[in-house]
Amino acid sequence: MNTPVDEGVIKDQKKRYSAGVLKYRQMGYWDGDYVPKDTDVLCLFRITPQEGVDPIEAAAAVAGESSTATWTVVWTDRLTACDSYRAKAYKVEPVPGTPGQFMAWVAYDLILFEEGSIANMTASLIGNVFSFKPLKAARLEDIRIPVAYVKTFKGPPTGLVVERERLDKFGRPLLGATTKPKLGLSGRNYGRVVYEGLKGGLDFMKDDENINSQPFMHWRDRFLYVMDAVNKASAATGEVKGSYLNVTAGTMEEMYRRAEFAKELGSIIVMVDLVIGYTAIQSMAEWCRANDMLMHMHRAGHGTYTRQKNHGVSFRVIAKWLRLAGCDHLHTGTAVGKLEGDPLTVQGYYNVCRDSVTKVDYSRGMYFEQDWADLKKVMPVASGGIHAGQMHQLIDLFGDDVVLQFGGGTIGHPAGIQAGAVANRVALECMVKARNEGKDIANEGPEILRKAAQSCTPLKQALDTWGDISFNYAPTDTSDFAATPSVA
Amino acid sequence: MMTNPTGRITQGQFSFLPDLTDEEIGMQVDYGLKKGYAWSVEYTDDPHPRNTYWEMYGMPMFDLEDAAGVLMEMNNCRKTFPNHYIRLMAFDSTRNVETIAMSFIVNRPKNEPGYGLVRQEVNGRSLRYTVHSYATDKPESERYSG
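Those protein sequences? They're chains A and B, same order as listed. First residue of the first sequence: 1, per the working numbering; consecutive thereafter. First residue of the second sequence: 1, per the working numbering; consecutive thereafter.
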């Protein structure tokens, strides 16, 4: 049995495949001269090797454990074209200002992946490797999916362009709100909140992530009352309206049953939670494509693996997988609201959803150029602790192609839900108008809102109630390559 | 009179704001022209939320330098159809967009009767819904005329 030796790749085939343990770099999982092919999947891992583990060996181990390697040499490799199955770590750099952490670039040949399967891609890339003992921690920071692989995915069932055409709403962000309280309302009371919000001026209302079919409200009751509210509000305003009916359930069979009922009642949109898993998401996207349905994705659970910088998977990678898997709406953060997110990093997620080609941009965490090969675009959703007084910041940060969701900021309005919806819609329209007229909304925004509030009492009440509320905590998931001030 | 908080149909980008003046409309048109959009004037007497195809008042205007031409077409349309809904729409031909980029109403009938909701009872507690435009009870040429 040989012991690991400190040398590079072993060229002598007899020595390479004699039984025993070799270093990963000796087995061919490190190639500092490798030039990635246009058809390779490229991954950037942030790794924290255990004390005394060489960063190049750690990077090679990541490449090995996420492709063909096992802990010891196996002769059966020699029955295969094994070099093409080996992922190759090709660059390692220390993370600026963070001793002990390294960025490792790894390339994977296209043959390693099954077409059109996020489950397959993730089983390799975030499978065993994240539990590997020689690493204290690992995080998948970014990924480049080659065009050849992108083209095997169908992507969003509808896409943001066609969504706007179906809704007949253009040139402004869409407005939504999550029905609150999220748990406890009867179907009848729940529908009241939906009706008031939509009639007041919102485009969408939304089920929350954990509203499924609990003792206080059976799902069919919710769907029936909500759709009465949606249609009544549509007649009252002359606009297309919708409410994301959450069809998340324990089995695919039950999810299909709920989605079918939503369709029968004339809903334009259904919703699922990220926790149903990638295969279920791809299946629901198939169903939505076949039934002219928008699919809203609530990223429930992502914070367990996206938030900490040293371990897990960055949300920009999750967003890329979800655009391929297929959803039409995706919660991507607010930067200014109650939930985690540094503004530039969050803008990076928005770009992943909406770009035709995502350019390299270190300050937003984009380490690779990603050509989306004309894949449909996802409508990002900003939801969580935002209010009308932040309208200028939200439009300045995110532009028009976004759903701005003011849950508490609509339902908690002192003059009622309709008044809350009016405040948000007036704030939105006056800010879009001002921006188009050439005003500097980032700086003049508060003044523009105050002026609009002079002829809109609900907006004035909203600004008086929430004008000074901000959630100004330092974000944890920030770029390592740019100063990232929080938005005041 | 409709019963929503604006008392009128709320389609388009600016229905919750006071009616835009011609000068303000010109600024929106200029914004679109700077982005390379083509503007179009459309009118209808049936603004049902699912009535996608309003009548085109001429073809979309490509290659314009300033807003004057669009405003002239808009005002001609207003003179011809003073009691119709008229909207301006901007088309964006950018690859992967290729749709409408802006849309807002610039003319309305004096009286907006709005819509009723027709409920048809079907299986169990299910309902089928029809949004019915009161104005369309009259023939095309006679809607909003009084």
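If you are wondering where the hints come from, they were derived from the structure by calculation, not from laboratory data. All C-beta atoms in this analysis are idealised placements derived from N, C-alpha and C, irrespective of residue type, glycine included. Hints should not be assumed to be uniformly reliable.
Claimed, not checked - Residues from chain B shown here face chain A by an in silico Cβ test under 8 Å; the list is partial:
1) Gln-13
2) Thr-99
3) Ala-101
4) Ser-141
Cross-check of the supplied hints:
no., hint, verdict
1, Gln-13, "5 Å, holds"
2, Thr-99, "5 Å, holds"
3, Ala-101, "6 Å, holds"
4, Ser-141, "21 Å, violated"
Comparing the model with each numbered hint stated earlier shows that hint 4 is the single one that does not hold.
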